[in-house]
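Enquirer: For the sequence shown, UniProt numbering assigns the number 1 to the initial residue and increments by one for each residue that follows.
No wet-lab data here; the hints were simulated from the structure.
One should not assume that every hint holds.
Unchecked claim - Result set (DSS-like, lysine-lysine): computed pairs, CA atoms no more than 25 Å apart in a straight line:
{"no.": "1", "residue 1": "Lys-22", "residue 2": "Lys-86"}
{"no.": "2", "residue 1": "Lys-23", "residue 2": "Lys-86"}
{"no.": "3", "residue 1": "Lys-86", "residue 2": "Lys-190"}
{"no.": "4", "residue 1": "Lys-190", "residue 2": "Lys-142"}
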Amino acid sequence: MIVEKNTPFDFFSGWFDEAKQKKDPDLDLMTLSTVDADGLPDSRLMRLVEFDPRGFVFLLNGNSPKAAQLDGNPGAALCFYWQSIKCCIRVRGRVARIDDADSDRFFATMPRKARVRSWVARQSQPLIDEDEMQRDIEACEKRFSGGDVSRPEHWYGLRLEPTHIQLWRSDSSMFHYRESYARTRDGWEKQRIYP
């Protein structure tokens, strides 16, 4: 049964909580799609760190191809799929950088090893010498031993501020529930659509 909701965030929050209760292993995973300078699409899995009515927040390496793509074209799309409750949420909008204090706060929630490696990772660059990379990691671990691992400047958070959200939920009758929301000046325009 589908409960009437006022905004797509009411749906997202409700479905997120439902998937969390079912211990969905991919609860915070989402596909982020961007477009490169040649107009070709690019997608990768990312971790959602926060959501609220302003949008969906994730962290990234500012030296990565995805950061360059988003600098060139801030339009992006997200896709969430939670197998445990058989639902999918698609989001389109533009990204904006969050402030440094929030980036620091979210960075601090990452596992320590990931924070250390963020200092040495040359994301998507050719890996010529794995031993050199390991030495860099060990040197960085030594540098931060016994202390907090601060956020490197090239790591920061972005918020995708949605303009369109589409909801889909599987139904045993094969007439799946599907609804589309478009942001307006006054809030959200909702439309039920064919599956």
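Enquirer: Would you mind marking each hint as holding or not holding in the structure?
Expert: Status of each hint after checking the structure:
1. With a CA separation close to 11 Å, the supplied pair Lys-22 and Lys-86 stays within the 25 Å bound.
2. Using a Cα cut-off of 25 Å, the hinted pair Lys-23 and Lys-86 holds, with the two alpha carbons roughly 13 Å apart.
3. Under the criterion of a C-alpha separation no larger than 25 Å, the hint pairing Lys-86 with Lys-190 is consistent with the structure, at around 21 Å.
4. Annotation: proposed proximity of Lys-190 to Lys-142 is violated, straight-line Cα distance about 54 Å (limit 25 Å).
Consistency with the previously given hints fails for number 4 only.
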